[in-house]
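Asker: The chain contents come next:
Number of protein chains: 2
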Amino acid sequence: MNRWVIVAGGDTSAAELREVKQEDRLVAVDGGVITLRKAQIPFHIAVGDFDTIGPAAVAELKESGVQVEELPREKDMTDTQAAVELALAEGAEEILILGALGGARFDHSLANLFLLERIHSAGAQGVLCDRNNRLRLYIGDGRKMELPRGRFQYISLLPLSEQVEGLHLEGFRYPLSGATLLRRHPMGISNEWAAPVAKLSAVSGTLLVVESKD
Amino acid sequence: MNRWVIVAGGDTSAAELREVKQEDRLVAVDGGVITLRKAQIPFHIAVGDFDTIGPAAVAELKESGVQVEELPREKDMTDTQAAVELALAEGAEEILILGALGGARFDHSLANLFLLERIHSAGAQGVLCDRNNRLRLYIGDGRKMELPRGRFQYISLLPLSEQVEGLHLEGFRYPLSGATLLRRHPMGISNEWAAPVAKLSAVSGTLLVVESKD
Chain A
42 MNRWVIVAGG DTSAAELREV KQEDRLVAVD GGVITLRKAQ IPFHIAVGDF
92 DTIGPAAVAE LKESGVQVEE LPREKDMTDT QAAVELALAE GAEEILILGA
142 LGGARFDHSL ANLFLLERIH SAGAQGVLCD RNNRLRLYIG DGRKMELPRG
192 RFQYISLLPL SEQVEGLHLE GFRYPLSGAT LLRRHPMGIS NEWAAPVAKL
242 SAVSGTLLVV ESKD
Chain B
42 MNRWVIVAGG DTSAAELREV KQEDRLVAVD GGVITLRKAQ IPFHIAVGDF
92 DTIGPAAVAE LKESGVQVEE LPREKDMTDT QAAVELALAE GAEEILILGA
142 LGGARFDHSL ANLFLLERIH SAGAQGVLCD RNNRLRLYIG DGRKMELPRG
192 RFQYISLLPL SEQVEGLHLE GFRYPLSGAT LLRRHPMGIS NEWAAPVAKL
242 SAVSGTLLVV ESKD
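These protein sequence lines are chains A and B, in that order.
Going by my numbering, the first sequence opens with residue 42, and the numbers climb by one from there.
Going by my numbering, the second sequence opens with residue 42, and the numbers climb by one from there.
Simulated from the structure, these hints should not be mistaken for laboratory data.
Cβ atoms here follow ideal geometry from the backbone N, Cα and C, with glycine treated the same way.
Treat the hints loosely; a few may be bogus.
To be verified - For lysine to aspartate or glutamate, the following EDC-like pairs were computed, each having C-alpha atoms within a straight-line distance of at most 16 Å:
#1 A/Lys-116 - B/Glu-233
#2 A/Lys-254 - A/Glu-57
#3 A/Lys-79 - A/Glu-57
#4 B/Lys-62 - B/Glu-115
#5 B/Lys-185 - B/Glu-211
#6 B/Lys-116 - A/Glu-57
Said to hold, decoys possible - Derived contacts from chain A toward chain B, CB cut-off under 8 Å, selection only:
#7 Ser-54
#8 Leu-58
#9 Ala-145
#10 Phe-147
#11 Phe-155
#12 Glu-158
#13 Arg-159
#14 Leu-178
#15 Ile-180
#16 Pro-227
#17 Ile-230
#18 Ser-253
#19 Asp-255
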């Protein structure tokens with residue numbers, strides 16, 4: 042599996058950084074450079090307009106042999122989107138995005154969330170992760186998705202499409218069978234594991250699977 | 042206008058609380074009780090399972106004459122959703138929600154965001170606000186929405202439906218005419234005002250209008 046890990050400028054804890062593997066292709070997005078340097082983790086590529094780290098740090102990166110993709114300040118996508126497009130163009134099969142939720146600006150968090158759909162539309166798998174949350178997409182096609190119990194307590198299911206039909210949940214504290222969920226009336230918040238592996242399936246719609254803890 | 046203000050347990054600054062008017066119907070959701078007490082703002086109703094403030098504080102609320110709507114801990118909606126349903130049942134025409142974004146759990150923030158659609162479907166107007174963000178919906182029907190420049194620097198437009206068609210922007214730094222925006226490829230992040238009042242319209246789709254600052 043050709044996995045790319047993109048580290049954006051938001052809060053990223055040591056726990057997430059420990060998930061980075063030797064064989065991953067590692068990309069720092071602007072402020073993510075600071076995160077990775079503090080953690081003394083070498084990375085392959087730096088992407089951004091670099092308004093956070095500034096030109097001196099960019100020059101230093103170039104000298105140290107890091108591939109630098111410098112973007113204009115005025116553009117029609119965010120730095121993190123640009124990093125995802127780069128990863129997809131290079132054939133990423135899986136993309137893990139860290140430090141892309143929970144900043145002051147909710148529009149950025151949302152745009153990053155919608156990147157999961159962009160990644161899926163390119164035939165790859167995306168995961169968005171921070172200290173308290175792990176987000177993935179499930180596209181309703183009848184197939185079963187397995188969710189092993191990990192470090193999170195809650196598992197919430199939120200429709201991203203207007204509705205999700207034929208939802209089956211097993212191994213959940215609150216199981217469902219053939220349910221319809223509506224985006225405007227989310228009923229799937231704070232479900233929990235009732236088995237080591239919870240399983241879900243749906244026949245249509247786009248579902249956001251959010252594992253979280255307080 | 043019959044306006045309700047719902048104060049949830051998340052971070053709420055003095056600036057947002059100053060927007061609360063004498064004639065608003067004011068609801069505290071669980072931890073929102075603490076926010077409003079600290080700010081010495083009296084409220085009409087308290088809603089929640091009260092796992093944050095605990096039973097002693099609930100008893101005190103009842104004694105002081107506040108209407109208390111105690112919810113079970115196990116339920117198929119969040120406390121904030123329940124507060125919105127209460128406001129809608131009581132004929133709210135406008136609902137301002139504070140303290141409902143930016144907590145540790147992203148599923149809660151998202152469920153609160155989707156409440157804007159629930160509020161719209163009931164024929165009312167919803168606004169979600171915190172220190173750095175103000176979120177509203179625009180439903181594409183050709184009508185013009187006016188956005189006066191206020192305390193925010195950026196104005197981002199994110200499709201909540203799969204796409205938004207026929208988008209026109211005037212008075213924006215980056216204007217558009219008849220554009221289509223896709224949810225999976227958000228291009229409308231960090232637009233700015235180029236006039237005291239920016240105007241937008243679209244012919245179809247559901248658009249999230251996010252005013253923000255860093």
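Asker: Hints first: check each against the structure and report whether it holds.
Answerer: Structure-based check of each hint:
Of the pairs offered as hints, the one joining A/Lys-116 and B/Glu-233 holds, with about 13 Å between alpha carbons and a cut-off of 16 Å not exceeded. Taken as a hint, the A/Lys-254 and A/Glu-57 pair is honoured in the structure, with Cα atoms around 14 Å apart against an allowance of 16 Å. Taking the CA atoms of A/Lys-79 and A/Glu-57, the gap is near 14 Å; set against the 16 Å cutoff, the hint holds. For the given pair, B/Lys-62 sits about 33 Å from B/Glu-115 by alpha-carbon distance, which is inconsistent with the 16 Å threshold.
A C-alpha spacing of about 10 Å is found between B/Lys-185 and B/Glu-211, which places the hinted pair at or below 16 Å, so the restraint holds. Taken as a hint, the B/Lys-116 and A/Glu-57 pair is broken in the structure, with Cα atoms around 32 Å apart against an allowance of 16 Å. For the restraint placing A/Ser-54 at the interface with chain B, the shortest Cβ-Cβ distance is roughly 12 Å, beyond the 8 Å limit, so the hint is violated. Interface hint at A/Leu-58: violated, since its Cβ lies 18 Å from the closest Cβ of chain B, which is beyond the 8 Å cut-off.
Residue-level restraint check for A/Ala-145 holds (minimum Cβ-Cβ distance to chain B is 4 Å; threshold 8 Å). Here the hint on A/Phe-147 is kept, as its CB sits about 4 Å from the closest CB of chain B, short of 8 Å. With its C-beta approaching chain B no nearer than about 5 Å, A/Phe-155 sits inside the 8 Å limit, and its interface hint holds. This hint holds: A/Glu-158 has a C-beta 4 Å from the nearest C-beta of chain B, less than the 8 Å allowed.
Restraint check, A/Arg-159 versus chain B: the minimum CB separation of about 5 Å is within 8 Å; hint holds. Violation of the interface hint for A/Leu-178 is found here, the shortest Cβ-Cβ separation to chain B being roughly 10 Å, above the 8 Å cut-off. With a cut of 8 Å, the hint placing A/Ile-180 at the interface with chain B is violated, because the nearest CB-to-CB distance is about 12 Å. Nearest Cβ of chain B to the Cβ of A/Pro-227: about 4 Å, under the 8 Å cut. The hint holds.
For A/Ile-230, the interface hint holds, since its Cβ comes within 8 Å of a Cβ in chain B; the closest pair sits about 5 Å apart. Residue-level restraint check for A/Ser-253 holds (minimum Cβ-Cβ distance to chain B is 5 Å; threshold 8 Å). About 6 Å separates the beta-carbon of A/Asp-255 from the nearest beta-carbon of chain B, less than 8 Å, and the hint is met.
The earlier numbered hints that this structure contradicts are 4, 6, 7, 8, 14, 15.
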